[in-house]
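*Asks:* Each chain, written out:
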Amino acid sequence: MDLNYSPEDRAFRDTTRRWLEANTPSEDLKTLAERKAWHRKLYEAGYVGMLWPKEYGGWGATAMQQAIVQDEMAKIGAPPAINGLGIGFIGPTIIVHGSEAQKQRYLKKILTAEEIWCQLYSEPNAGSDLAGLKTRAEDAGDHYVVNGQKIWTSSGPIADWGLLLARTDPKAAKHKGISSLLMNMRQPGVEVRPLKQITGHALFSEVFMTNARVEKSDLVGKLNEGWAIAQTTLGYERGGNSLGRVTRYAIAFHQLVRATKQLRRNGKPLVEDPAVRATLGRLYAELEVQRYAGLRILSTLNKGERPGPESSITKLSYTEFEKRYYDAALELLGPWGQMMTAREEFEEIDTSSGEAGTWATAFLWARAGTIYSGSSEIQKNIIGERVLGLPKEVRADRMKA
Amino acid sequence: MDFAFTPDQTLLKNSARAFLDEHCKPAAVRLLWDDPRGESAAMWKEMAQLGWLGLSLPEEHGGSGLGMVETALVLEELGRAAYPGPFWPTMLLASAVAEHGTNEQKKRWLPAIASGDARGALALLDTDLDWNPAAVATRAEKTSTGWQLSGLKRYLAWGHVADVLLIPAHAPDGLGLFLVPPGAAGITWTPMMNMDPGTRLADLKLDRVPVRAEDRLGAPGVAAAAAQLALVRRGAVGAAAEMLGASRRCLDMAVGYAKIREAFGQPIGSFQAIRHKCADMLLETENSHAAVYYAAWALDAGAEDGATAASIAKSYVGDASRKVCSEAIQVHGGIGFTWEYDLHMYFKRAKALEAQYGDAEFHRELIVADVAK
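Going down the list, the sequences are from chains A and B. For what it's worth, this note's numbering labels the leading residue of the first sequence as 1, then goes sequentially. For what it's worth, this note's numbering labels the leading residue of the second sequence as 1001, then goes sequentially.
Treat the hints with care, as some may be off.
Simulated pairs of lysine-lysine, DSS-like, Cα-Cα distance not exceeding 25 Å [stated by the list, open to error]:
#1 B:1373 <-> A:75
#2 B:1025 <-> B:1259
#3 A:196 <-> A:36
#4 A:222 <-> A:103
#5 B:1106 <-> B:1142
#6 B:1373 <-> A:268
#7 A:41 <-> A:75
#8 A:174 <-> A:216
#9 A:109 <-> A:41
#10 A:222 <-> A:108
#11 A:323 <-> A:261
#12 B:1107 <-> A:323
#13 B:1373 <-> A:261
#14 B:1259 <-> A:392
#15 A:303 <-> B:1013
#16 A:36 <-> A:108
#17 A:134 <-> A:196
#18 A:134 <-> A:30
These aren't lab readings, by the way, just hints derived from the structure by calculation.
Chain A on its own, in the form it takes in the complex (with noise of 0.2 Å):
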C-alpha cells in the first residue's frame, strides 16, 4: 500500500496544470461551436480519449492519467469536454464489440466531438426495467425499420448519433430478442423534444422514431445479442472517474465554509454554532471518505483491471452522498441557497463551483444521480446478487420466462 504519486504522475500533474493555466478559456463559452472548439483543443493536447487505445485514435493513457487531468481541470475550473456518452461509453462499446468498419467510420468523430452521440435506452415503460423495451427494428432487406419512443435522452436535442436498444424478435424471451443499433439521428423518421428538467434546464429529451432507417451495417454485435452489450455500456458507465467530481465537491465544501462565515444567525456567523459545525465537519469527513474510496478504485483501474459490479458500489456511494451533501448545504445556507442562476440550455452546469446561484442547480440536479444509468435501488439489487451472492428474488418476468 502506498497512495504516494509516482514520479512521472508528478511530473504530468506539472505539465497539465501549466497547459491548463496557458490554455482555459477566460471567459464562459457561450455556444455549441465555442465548445466544440475547447473539446478539440483538449482531444488534440491529449486530454480527452486518454484510455482509447491510440490506433483508435486515443492517447493510451493510464487511469491515473485520466484522474489527474480531470481532477486538474476540476481545480482551475476548466469548461468540460462534451461528448461524454460517446466518449466514456458508446466509442468504447464500439471498440469492444463493433466492426472493423464501424470503428473506421465512427470512433476517430466521437473523439474529436464533430459527430456528438446519445444512448437511447430508456422508454417511458422501461426504465429500471430496461429489458422491458419495447422500440421495435424490423429487417426491411439491406436495413431495419425502427419505430417506438425513448426518454430521459442527455443531449438528444444536439446528437447527431445515438446508441439504440431496439427489440428485433418479439417472439424471444424478455432479456433475448434485443439488438444494439447505430442510429442517424439526423433522418426525417427521427424527432427528437426536449424535456424540461426540474432545474429548468432542457438537457434531456424524448425521442419519437417513425419508420427511422438503420443500416444493417449499423448492427453492433450479433443480432438479438444486444442485451449483453448493454451491460457493458452500463459497466463503463458505472466505472466513473470519482477523483475530479470530488475535488468539484471539495471546492464547493470551501465556499460553503466561505458563506457560513458571510452568513449570520442570532448576531453571530453561522461557522460558530456548534450545531453548524458539526454538520460541517461531517460533510468534510463524508466527502474525504468518497476521495479515499476514488483512491482505492483508480488505483485498481490503474492496473488495467475493469470494473466488476463493485463499481455499483462506487456510484450508489456518490450519488447517495450527494444527496445528502447538497440537503445538508441548503439547510444551512436558507434563501441565499436557494437562489437561482441562468444557464444556456445545452450546456452541461457545472453545479460544484460552489459560487452563489449554483447550490440550488445543485441541490436540484443531486436527484438526478440516484436515479440515471442504474436508479439506487437497481444498484443495491445488483450489489446483493452479484458482490454479495444473496440468492435472486423471484421475479413475475422470469417465471414466465
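Starting from the structure of chain A, add chain B where the hints point.
*Replies:* Just chain B now, with coordinates in the frame of chain A:
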C-alpha cells in the same frame, strides 16, 4: 500509487485471521468475559511470539519497525474476533515511549513490551468528557525526588493488567506525561462494568502519587499537549480499524444468515428489504476500509492531511460500524437479540470503541477547526 496491500501485508492479515480463528473463537471470548482478569495471558505470549507486540516498534528495541498500516491490519482482525485485551493501549503507550522517550525509558519498556512481558494503559480522560489535552485537570507537584500526582482519571481501559500507565498531568512548567506503575502508593482503583464485557474500564483516584523525575516522558508544555493529542489521533485510527473488523464480521454473519434463513418459502436474502440493507452495509464497510487505511497510510507517510484523516476515520467509521452492526441484528431478527448468539459481541465492541479516543462529535470539531480556519 497503490491502495492494495503488499504481499507481505496480505500475509500478515491472513496469518492474523488464522491465528484468531483458532485462539480467539467466540467461546474463548465468552470465557474471558467471565474472567476477573478479562484477557488471556497465554494468548498475549503467543501474540508476542507472532511479533504483533513489537510490530511497529524500532528494531533496535526488539520490534519489527513496521507502521500503522500493518498495525491496523492486525487491529481489524482483532476487532473481527472481538478480542478482549490490552493490545491497543499497550501499543499506543509503546509508540509514545518510542517517539518521546529517553534511551533509558526505551530500554526499560520497549523490549519488555515487544516480548510480551509488559502491558501498558493510557489515562487520557479526566472528569471532563473531553479528549483534548486542555481538559486535563490532574496536577503534578514538584518534590525533592520528582513529582507527585493528584486527580481523578476516568474510564481507563485495561489499567488493571498494566505494568505501566501513561498519565498526563499539569506541572508548574506545563503539561507533562508521566509513566507511573499502577501499584504506586496513593492510587485507588474503582473497576466498572462496561456494556461490552470485553472492554475493561476503571476509574483511578490519584492522591499524591509519587513519580520519579526520570519517569516523565518527553518535553513539557506545548510538546506534551501535542504528543497527547497525537496519541488520541493514533488511538482513533486503531479504534477505527477494530470497528471496521467488527463491521466485517457482522456483515458476513448477516449475509450468511440471509442466504439460509427462509421465510414465506424463500431465503430472506431474496427480499429487496433485506438485500438492500445488506448492500448498504457493504457500502459502509468498504468506505470504512478506505477511511481506515487512508488514515493509517497518512500517519506512516507523514502526509500533511494525516491528522485530519485520523479524525475522519474515527468519526466516519464510528457511525458506520454502529449502523452495520445494528442492521446485522435487524437482519437476524429475534435470534440476533439473544445472549446466546454471538452477534452482540461485535456490536458491543464497536459501540465501546465509538466512545474511546474521542467520539465522532469530538473528531468532527477537530476536522472543522482544521479545514474551516
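*Asks:* For each hint given before, does the structure comply? Return the numbers of the non-compliant ones in rising order.
*Replies:* 12 and 18
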